[in-house]
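One letter stands for each residue in the lines below.
Number of protein chains: 2
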Amino acid sequence: MISPAHLAFAAAFLLVVRSSAPGAAAARPIFDGKPSPSEATATARWLAAQNTWGVLSTISSDLSGAPFGNVVSYSDGVPGEGRGIPYFYLTTLDPSARDALEDERTSFTLSEFPLGTCGEIDPENPTCAKLTLNGKLKMVDLQSSEADLAKSALFTKHPEMKDWPKNHHFKIFKMEIENIFLIDWFGGPKPISPSQYLEFGRNQGSLMYS
Amino acid sequence: MISPAHLAFAAAFLLVVRSSAPGAAAARPIFDGKPSPSEATATARWLAAQNTWGVLSTISSDLSGAPFGNVVSYSDGVPGEGRGIPYFYLTTLDPSARDALEDERTSFTLSEFPLGTCGEIDPENPTCAKLTLNGKLKMVDLQSSEADLAKSALFTKHPEMKDWPKNHHFKIFKMEIENIFLIDWFGGPKPISPSQYLEFGRNQGSLMYS
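From first to last, the protein sequence lines stand for chains Z and S.
For the first sequence, numbering that gives the first Met the number 0 gives the first residue as 0, with consecutive numbering after it.
For the second sequence, numbering that gives the first Met the number 0 gives the first residue as 0, with consecutive numbering after it.
The following block holds chain Z by itself, in its conformation from the complex (with noise of 0.2 Å):
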């Protein structure tokens, strides 16, 4: 008879197996619903990953440096396969590209909210989570690979960008994420370094939703 630690083991198995198969370097996080309080990265790229948009703030220049916050969408990769950094189709006729066109400081929020798992939790209850991510807003070289990945991120997840008007010039902009917080339990915002948030799943097998 197999026992459930025997099963356990082997689905825990099945799992490494599974990471290390060729092609397999190449998978990131697949989520299956919101991670553990005690899974803090894991929150974090599962937030990442989930949304579609978000709120991105700026210095402002129109505003004599005061703080901007707009609405925008954002891809961290195309659909279960998300890498953490936000991917942005912005055009300088928005404040927000202008804006970190002169000071690239900037920071991305967002929240578990919209995504319907608080439940009837209010959305400022620090276990409904939230995401800040702070760096530099940079714009990606459109002949990079850097691009074409981003471009896939990005028009799998809002398919309309690809249609958005060629006169207006948008281009392709990603933060590179300095500064983690992170708030999905009390007790305070949880410590989680650029690396670890970015290397999350990389080499985990045992870290991995499926």
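Among the hints, a few may not be true.
Mimicking BS3-like on lysine-lysine, the simulated pairs with C-alpha atoms at most 27 Å apart in a straight line are [stated by the list, open to error]:
(1) Z:189 x S:165
(2) S:189 x Z:170
(3) S:137 x S:165
(4) Z:189 x S:189
(5) Z:135 x S:135
(6) S:137 x S:150
(7) S:189 x S:137
(8) Z:137 x Z:150
(9) Z:150 x Z:170
(10) S:33 x S:189
(11) Z:189 x S:161
(12) S:150 x S:189
(13) Z:189 x Z:33
(14) Z:161 x Z:135
(15) S:165 x S:189
(16) Z:150 x Z:161
(17) Z:137 x Z:165
(18) S:165 x Z:165
(19) S:161 x S:150
(20) Z:161 x S:150
(21) S:137 x S:161
Pairwise CB distance ranges (calculated) [what the hints assert, rightly or not]:
(22) S:116 x Z:36: 30 to 40 Å
(23) S:63 x Z:100: 33 to 43 Å
(24) S:143 x Z:166: 44 to 54 Å
(25) S:168 x Z:145: 42 to 52 Å
(26) S:100 x Z:195: 39 to 49 Å
(27) S:166 x Z:194: 45 to 55 Å
(28) Z:164 x S:163: 42 to 52 Å
(29) Z:190 x S:163: 19 to 29 Å
No lab work stands behind these hints: they were computed from the structure.
All C-beta atoms in this analysis are idealised placements derived from N, C-alpha and C, irrespective of residue type, glycine included.
Since the structure of chain Z is already known, use the hints to place chain S on it.
Positioned in the frame of chain Z, the structure of chain S alone reads:
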């Protein structure tokens, strides 16, 4: 026979009478769905009245003056009586309140997307409305009548707030609005002055929605 023009006049007359009836001075816009793109101020007030959370951006003292966006709950009034001013319930255990006490320049950003009325339209599409209020974040004196109004506004839309831990020393804050950025259609942001925004619906029976 009563012509359609007569009926329209009678309806407008009734609205004016209703808005000038005793007690109606305190009434605020009650919206029945999203206002049309030709009614920018109504759309801004609708977004403020319908949402329950947004992103508050500050100049971060922890991050050497970079912008910092944080998910917060708010209320601009009890349901059906929004006044457009966002009230917040914040603790200085959280960086946003600490930042604002050092530099009161803040930005508060709302999206139509989580309301569900954008349908299949992308969150960044200009027809999916976005509102950014910029101004000074001020603490509201807890002994004032404004604090009573703000508490009532906050606690009706966020019932769990009144049970949040006393030892976290939550305080009521409000934004003194100085600049309004609304996108609800093609063609760039709509010009709305703070007084247009705040006075909307106050003495304009014909602009009220029921």
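| task | May I ask which of the numbered hints given earlier this structure violates, with the numbers listed in increasing order? | result | Of the numbered hints given earlier, those the structure breaks are 4, 12, 15, 18, 20, 23, 26 and 27, listed in rising order.
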